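Colleague: Working from the sequences, and respecting the hints, build out all of it.
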Amino acid sequence: MKHLLEILSAAEEFEALPIRDNDEGDLLSIVDYIEYRVESPDGLFNIPSVKTNILLQCHFLRRPLSIDLSLDQKKILEISLKMVHAIVDVISSSGWLTPALLAMELSQMIVQACLVKDSNLFQLPYFDGDLVDRCKDRGINDIGDLLEMEEKARVDLLQLSDRQMQEVAQVCNRIPNYNIKAVLVDNQAGEAKVNEEINVTIEIEGDDEDEGEGEEGNKNRFVYAPFYPKDKEEQWWLIIADERAKKLLSIKRIEAKAGLQVEISFTPNESGSKKYTAMLVCDSYIGCDVTDNFSMMIYD
Numbered sequence: 010m011k012h013l014l015e016i017l018s019a020a021e022e023f024e025a026l027p028i029r030d031n032d033e034g035d036l037l038s039i040v041d042y043i044e045y046r047v048e049s050p051d052g053l054f055n056i057p058s059v060k061t062n063i064l065l066q067c068h069f070l071r072r073p074l075s076i077d078l079s080l081d082q083k084k085i086l087e088i089s090l091k092m093v094h095a096i097v098d099v100i101s102s103s104g105w106l107t108p109a110l111l112a113m114e115l116s117q118m119i120v121q122a123c124l125v126k127d128s129n130l131f132q133l134p135y136f137d138g139d140l141v142d143r144c145k146d147r148g149i150n151d152i153g154d155l156l157e158m159e160e161k162a163r164v165d166l167l168q169l170s171d172r173q174m175q176e177v178a179q180v181c182n183r184i185p186n187y188n189i190k191a192v193l194v195d196n197q198a199g200e201a202k203v204n205e206e207i208n209v210t211i212e213i214e215g216d217d218e219d220e221g222e223g224e225e226g227n228k229n230r231f232v233y234a235p236f237y238p239k240d241k242e243e244q245w246w247l248i249i250a251d252e253r254a255k256k257l258l259s260i261k262r263i264e265a266k267a268g269l270q271v272e273i274s275f276t277p278n279e280s281g282s283k284k285y286t287a288m289l290v291c292d293s294y295i296g297c298d299v300t301d302n303f304s305m306m307i308y309d
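Numbering (my numbering), first residue to last: 10 to 309.
Keep in mind that the hints were calculated from the coordinates and are not lab data.
Owing to the predicted nature of the structure, the values given are computational and were not obtained by experimental measurement.
Positions of the beta carbon are idealized from the N, C-alpha and C atoms, including for glycine.
Worth double-checking, as some hints may not be accurate.
For lysine-lysine, the following DSS-like pairs were computed, each having C-alpha atoms within a straight-line distance of at most 27 Å [said to hold, decoys possible]:
1) Lys202 / Lys11
2) Lys190 / Lys11
3) Lys84 / Lys255
4) Lys202 / Lys255
5) Lys256 / Lys190
6) Lys11 / Lys91
7) Lys241 / Lys261
8) Lys126 / Lys83
Beta-carbon label-pair distances, calculated as ranges [to be verified]:
9) Ile88 / Arg46: 21 to 31 Å
10) Ser282 / Gly52: 45 to 55 Å
11) Glu48 / Asp154: 30 to 40 Å
12) Ser79 / Glu15: 17 to 27 Å
13) Asp195 / Arg253: 20 to 30 Å
14) Val203 / Cys181: 41 to 51 Å
15) Gly296 / Glu48: 24 to 34 Å
16) Glu200 / Asp139: 47 to 57 Å
17) Glu206 / Asn31: 24 to 34 Å
18) Lys83 / Ala254: 32 to 42 Å
Modeller: Printed below as a string of structure tokens:
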């Protein structure tokens with residue numbers, strides 16, 4: 010993640026970022042709190058690439074900034090997401106699985122203003138560090154745990170007003186909860202040859218199958234992301250991967266919804282007994298990604 014942030018921050022799109030006389034001191038006061046160490050040439054922090062990196066990481070920590078730096082951060086965020094999607098495309102074209110998944114996580118972090126290693130409860134309204142810690146003390150580590158609680162226990166734990174509880178419930182309902190199933194097509198009985206195209210249908214199942222395309226269904230396409238400066242619609246990456254070999258074999262960007270069936274193809278380049286993984290990865294929410302495995306025998 011550190012190297013991805015450096016690559017993103019060094020993009021020429023950020024070279025026009027304003028540098029003010031007081032930026033150096035303001036950035037120095039922040040740099041000790043960020044997650045990933047920033048390498049600064051000649052010890053200078055008031056240069057565009059370093060400033061961009063620091064302000065992105067402040068966004069992940071939801072750290073308050075001066076008015077000027079907040080405006081700079083807003084400009085950075087408005088540019089960054091499109092660039093991260095482009096980085097995913099470049100990495101995927103080389104078949105590198107691990108850095109592609111890291112770039113997808115970076116997209117989620119930019120939209121949700123939190124670190125992927127933190128609890129996804131931070132994506133809910135009113136959930137600050139104290140409330141998340143209180144949840145962890147009760148064994149509630151993520152949104153799934155919270156939804157499985159008895160109503161009275163949940164109210165006692167969160168200590169929110171009725172209106173606030175309703176807001177939390179509405180956001181929980183907006184966050185997608187999918188499962189996927191990978192099905193081989195073309196009557197392939199789990200066998201193929203090296204360099205033979207394999208077609209897989211990915212069936213998406215979830216809670217929104219009855220929402221339809223009406224006003225409510227369209228509204229829920231927009232991500233709950235109060236710290237991101239623009240309206241954002243969900244997008245997803247559909248991936249076929251060989252996790253053991255750390256290879257990304259195929260990728261497709263889609264708008265996921267329950268009941269959808271998507272065909273994706275890949276071409277194996279190695280023989281043997283293979284276990285492949287289908288992945289559905291969200292670009293906006295943390296903790297929503299799902300996988301399904303399927304096995305094949307690949308012959309020379």
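Colleague: Check each numbered hint from earlier against the structure, then list the numbers of those it violates in ascending order.
Modeller: 1, 2, 3, 17
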